[in-house]
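Protein chains: 2
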Amino acid sequence: MKVYLAGPDVFLPNTGVAAEKKALVAAAGHIPLYPLDAASPVDAATAGKPEVAAAIFAANVAMIRAADVVLANLTPFRGPSADVGTAWEAGFGHALGKPVFGYSNVAVAFEARTRAILASGGDGMEVEDFGLASDNLMLHFSLAGYFAHQAPAGGRWRDLESFKAALAAVGADWARR
Amino acid sequence: MKVYLAGPDVFLPNTGVAAEKKALVAAAGHIPLYPLDAASPVDAATAGKPEVAAAIFAANVAMIRAADVVLANLTPFRGPSADVGTAWEAGFGHALGKPVFGYSNVAVAFEARTRAILASGGDGMEVEDFGLASDNLMLHFSLAGYFAHQAPAGGRWRDLESFKAALAAVGADWARR
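Protein chains in written order, with the working numbering: chain D, 4 to 180; chain V, 4 to 180.
Source of the hints: derived by calculation from the structure; they are not laboratory data.
Some hints could be false.
Identical copies go unnamed one by one, so any copy, or any two together, can satisfy a pair.
Stated by the list, open to error - Here are the simulated EDC-like pairs of lysine to aspartate or glutamate, each with C-alpha atoms no more than 20 angstroms apart in a straight line:
1) 167 <-> 132
2) 52 <-> 129
3) 167 <-> 71
4) 52 <-> 114
5) 52 <-> 132
6) 25 <-> 132
7) 5 <-> 23
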């Protein structure tokens, strides 16, 4: 099975965590598809170059089309919600009929963590309140499975517990097909 | 043409802006599909009820499938990026072959507004820097068109200039098909 690894892990300053995730997928007998493996290196030389971004987009879209499943890191990124690129990929994969599994290193429900970020009094917009664990309802109900584990302080982008739980579910789902 | 109106407008405490957008779509000779028109009312009675959210998800997915085009409000929402539900819908629509047009009431490029939010020193993750106007590259390169207009203070969720520009482009695109 080919597992597309979606998530803001691509923005980590080194590839250590991604390498661990790829190794765990391989150890489970599957093939990891990781965005940065197909794309040109992103560094100071690529800054401000939309053509590099366009090539990454095309490579990622091709990887998702080739994948059997999308395994998405939905840990909140610069706000109460998942990375927007990851959310886009979840919607894209869902429309193609790929099962999308999510995991997060934050175990606080979506409404509560949104309210925490708006603690200074709100922004005049309503807070989505349906008792959902993961995120906005469009993302949430596209998920074939969701696994949250509250990582210890400093572990938000490095802890592997929620990833391992989601990967186990991906494997069990594949075995049933 | 059926135009799906994606965006965090659904979180505005009243439906005034959405009504204006729907009227503009109708005045242009098209049919607006607006999420809250299909869904049950969301109010104090629905709080904490995932089954209400599941019904909204199903209604929105059906609306996007029925639409000819997705017209998405990508104005930054509670962070540097678009609303995650809107990003998901853009990915979903793109996979179905629907043209996705975006508009925003913030005309600052994605990298600059991300850096502004991280002004207190960054979060240890890289900032995506490809000179893109709209957002994360996955969202950006799925767009058939993007229209940003810097709304005056207080107008982020009420100004209609970027919406009108995007709607004009949607109409021109439709006329060419």
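Evaluation of the provided hints:
1. 167 <-> 132: neither (29 angstroms within a copy, 31 angstroms between copies)
2. 52 <-> 129: between (37 angstroms within a copy, 16 angstroms between copies)
3. 167 <-> 71: within (18 angstroms within a copy, 40 angstroms between copies)
4. 52 <-> 114: between (37 angstroms within a copy, 12 angstroms between copies)
5. 52 <-> 132: between (40 angstroms within a copy, 8 angstroms between copies)
6. 25 <-> 132: neither (35 angstroms within a copy, 25 angstroms between copies)
7. 5 <-> 23: Within. Shortest intra-copy distance 16 angstroms satisfies the 20 angstroms Cα cut-off; inter-copy 46 angstroms does not.
Going down the numbered hints, you'll see the structure goes against 1 and 6, while the others check out.
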